[in-house]
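Participant: All chains should be built: construct the whole structure from the sequences, respecting the hints.
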Amino acid sequence: MIRRKNQHTLIADPGDVVDICGQCAGASIVVGAEVANVRAITIQLKDAQGNDLAHRATVQIAVLADANGDAFVAVGGTTGIAIGADGALLPIVAKKLFLAISEADGDIDLTWTDTGTDVAYLAVILPNGRMIISAALTNT
Numbered sequence: 001m002i003r004r005k006n007q008h009t010l011i012a013d014p015g016d017v018v019d020i021c022g023q024c025a026g027a028s029i030v031v032g033a034e035v036a037n038v039r040a041i042t043i044q045l046k047d048a049q050g051n052d053l054a055h056r057a058t059v060q061i062a063v064l065a066d067a068n069g070d071a072f073v074a075v076g077g078t079t080g081i082a083i084g085a086d087g088a089l090l091p092i093v094a095k096k097l098f099l100a101i102s103e104a105d106g107d108i109d110l111t112w113t114d115t116g117t118d119v120a121y122l123a124v125i126l127p128n129g130r131m132i133i134s135a136a137l138t139n140t
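My numbering applies: residue 1 is where the sequence shown begins, and numbers increase by one.
Bear in mind the hints are in silico, worked out from the structure with no lab data behind them.
On a predicted model such as this, the values are computed, not experimentally measured, just so you know.
Just so you know, not all the hints are guaranteed correct.
Stated by the list, open to error - Taking CB as the label site, the calculated pair distances span:
1. 74 / 104: 23 to 29 angstroms
2. 72 / 104: 29 to 35 angstroms
3. 129 / 85: 25 to 31 angstroms
4. 140 / 105: 31 to 37 angstroms
5. 52 / 117: 18 to 24 angstroms
6. 136 / 50: 23 to 29 angstroms
Cβ coordinates follow ideal geometry from the N, Cα and C atoms, glycine included.
Facilitator: In structure tokens, the structure reads:
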């Protein structure tokens, strides 16, 4: 897709952006401190230029056993991942794989609940297949 400043011209100019992988091309993940076995997780979806999205988008979210993305978690926490204030979340495989829809500003808020000390990492799987992996979700 080519996004142009002036869509009524056929000649490309320096302001045009060639976006070969769709509008959701990146993400940032912030994992909050543990409070009573719960961690807040904020995901901000980004475009190919690193700007926050200004529209809704869908991504997959996986709960992984390591920071390399080699395997899914065995258990997935006591309650695991749940939707917070922003976005929508649909489980595909309980506690391991989800489909998420962001708010209109590209934001997804989640919570991680675990009364144990399972090691887990959250991955945002972008439409282009790239994985953005969080810091550890492990509670103490």
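Participant: State the violated hints by number, sorted upward, taking the hints as numbered earlier in the document.
Facilitator: When the structure is compared with the hints, numbers 1 and 5 turn out to be violated.
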